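S.K.: Residue numbering for the sequence shown follows full-length UniProt numbering, starting at 1 and increasing by one per position.
Since the hints were made in silico from the structure, they are not lab data.
Here the structure is a predicted model, which is why all the values come from computation and not from measurement.
Please note that the accuracy of each hint is not assured.
[Claimed, not checked] Here are the simulated lysine-lysine pairs, DSBU-like style, with alpha carbons at most 30 Å apart:
1. K47 x K2
2. K27 x K2
3. K47 x K27
4. K47 x K103
5. K5 x K47
6. K27 x K100
7. K5 x K27
8. K100 x K47
9. K100 x K2
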Amino acid sequence: MKIPKRLQPLVDDGLIDDVLYQLMSGKEATVYAVQCGTEVRCAKVYKEAMKRSFKKAAQYQEGRKVRNTRRARAMEKGSKFGRKQQEDAWQNTEVDALFKLAKAGVRVPEPYGCYEGVLLMELVTDDNGEVAPRLNDVSMSAEQAIEDHALVMIYVMRMLCVGLIHGDLSEFNVLVDDYGPVIIDLPQVVDAAANNNAFSMLQRDVRNMSEYYGQYAPELTKTFYAEEMWTLFEAGELTVDTELTGHYDLPEDDADVDSVLEEIKAAFAEEQERQERVKEANEPL
1 MKIPKRLQPL VDDGLIDDVL YQLMSGKEAT VYAVQCGTEV RCAKVYKEAM KRSFKKAAQY
61 QEGRKVRNTR RARAMEKGSK FGRKQQEDAW QNTEVDALFK LAKAGVRVPE PYGCYEGVLL
121 MELVTDDNGE VAPRLNDVSM SAEQAIEDHA LVMIYVMRML CVGLIHGDLS EFNVLVDDYG
181 PVIIDLPQVV DAAANNNAFS MLQRDVRNMS EYYGQYAPEL TKTFYAEEMW TLFEAGELTV
241 DTELTGHYDL PEDDADVDSV LEEIKAAFAE EQERQERVKE ANEPL
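When you get a sec, could you build the whole thing from the sequences and use the hints?
M.R.: Below is the structure:
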């Protein structure tokens with residue numbers, strides 16, 4: 001295929017030998033299969049901020065630290081230099097998270113680096129070399145759903161152990177190869193200790209996964225892994241060796257009607273976003 005303009009510098013520098021085909025195009029990035037020597041890899045081309053439609057980006061970025069004080073000031077002022085630094089930070093967040101999570105024992109695509117807004121990483125495939133499907137395209141038995149759900153909960157826990165929350169985890173951000181689920185799409189990853197919305201995002205991630213796998217094993221929808229993890233995390237007792245149960249004793253306080261209504265509104269908004277993703281996922285490239 002014709003080499004996209006954003007990938008041409010990587011071809012010129014010898015990082016990519018050829019662009020094979022487009023894998024997908026979403027609201028935040030376009031992904032291509034590329035030839036790198038003897039390997040076929042994945043090139044994720046991030047869309048510019050003006051073309052990107054990731055909702056509530058500032059909510060996800062809360063608490064992220066910028067070591068360089070000049071860059072931090074520029075980002076706060078919103079200058080041209082600051083906007084460029086903000087874009088670089090958004091893009092580099094994913095590659096940094098991939099390295100960190102792989103080291104923590106979370107199954108993610110192996111990253112090779114981020115170059116001028118293009119993330120080069122492993123192309124996840126099955127044993128036949130075919131591109132691994134997304135979770136929403138996979139059917140399974142109840143037994144398999146319970147097994148894979150437990151594995152995803154372990155990955156979410158390991159993420160939390162290194163201070164990270166996916167923040168946008170759903171059946172559209174999980175691939176499934178012959179060895180099980182692989183977590184993808186992490187530019188919006190949340191700082192668990194510094195973001196005021198961290199717990200609610202953890203709850204949403206876990207709920208999305210439990211409800212999806214719950215289609216095949218309904219008992220999974222009645223578990224409370226997020227609350228269990230967060231309680232241990234806040235107490236400094238969550239470790240990679242923690243054995244999760246999914247059980248949690250909810251407070252017996254009187255219901256806060258306003259909070260309940262807000263949760264209903266949030267759930268409705270999330271379902272609308274999910275439907276948009278379903279529609280987008282089914283659209284031809």
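S.K.: Look at each hint and say if it fits the structure.
M.R.: Status of the hints after comparison with the structure:
Distance restraint check for K47 and K2: the Cα-Cα separation of roughly 19 Å lies within the 30 Å cut-off, and the hinted pair is therefore satisfied. About 22 Å separates the Cα atoms of K27 and K2, which keeps this hinted pair within 30 Å; it holds. Taking the CA atoms of K47 and K27, the gap is about 8 Å. The hint holds against a cut of 30 Å. Pair hint K47 plus K103 holds up; C-alpha atoms about 28 Å apart against a cutoff of 30 Å.
For the proposed pair K5 and K47, the alpha carbon gap of about 12 Å is at most 30 Å, so the pair holds. At roughly 25 Å between alpha-carbon atoms, K27 and K100 fall within 30 Å of each other, so this suggested pair holds. For a cut-off of 30 Å, the pair hint linking K5 to K27 stands: about 18 Å separates their Cα positions. In summary, the hint linking K100 to K47 is supported, as the alpha carbons are separated by about 24 Å, within the 30 Å threshold.
For the hint linking K100 to K2, the alpha-carbon distance of about 34 Å lies beyond 30 Å, and the restraint is violated.
Violated hints amount to a single one, hint 9; each of the other numbered hints is respected by the structure.
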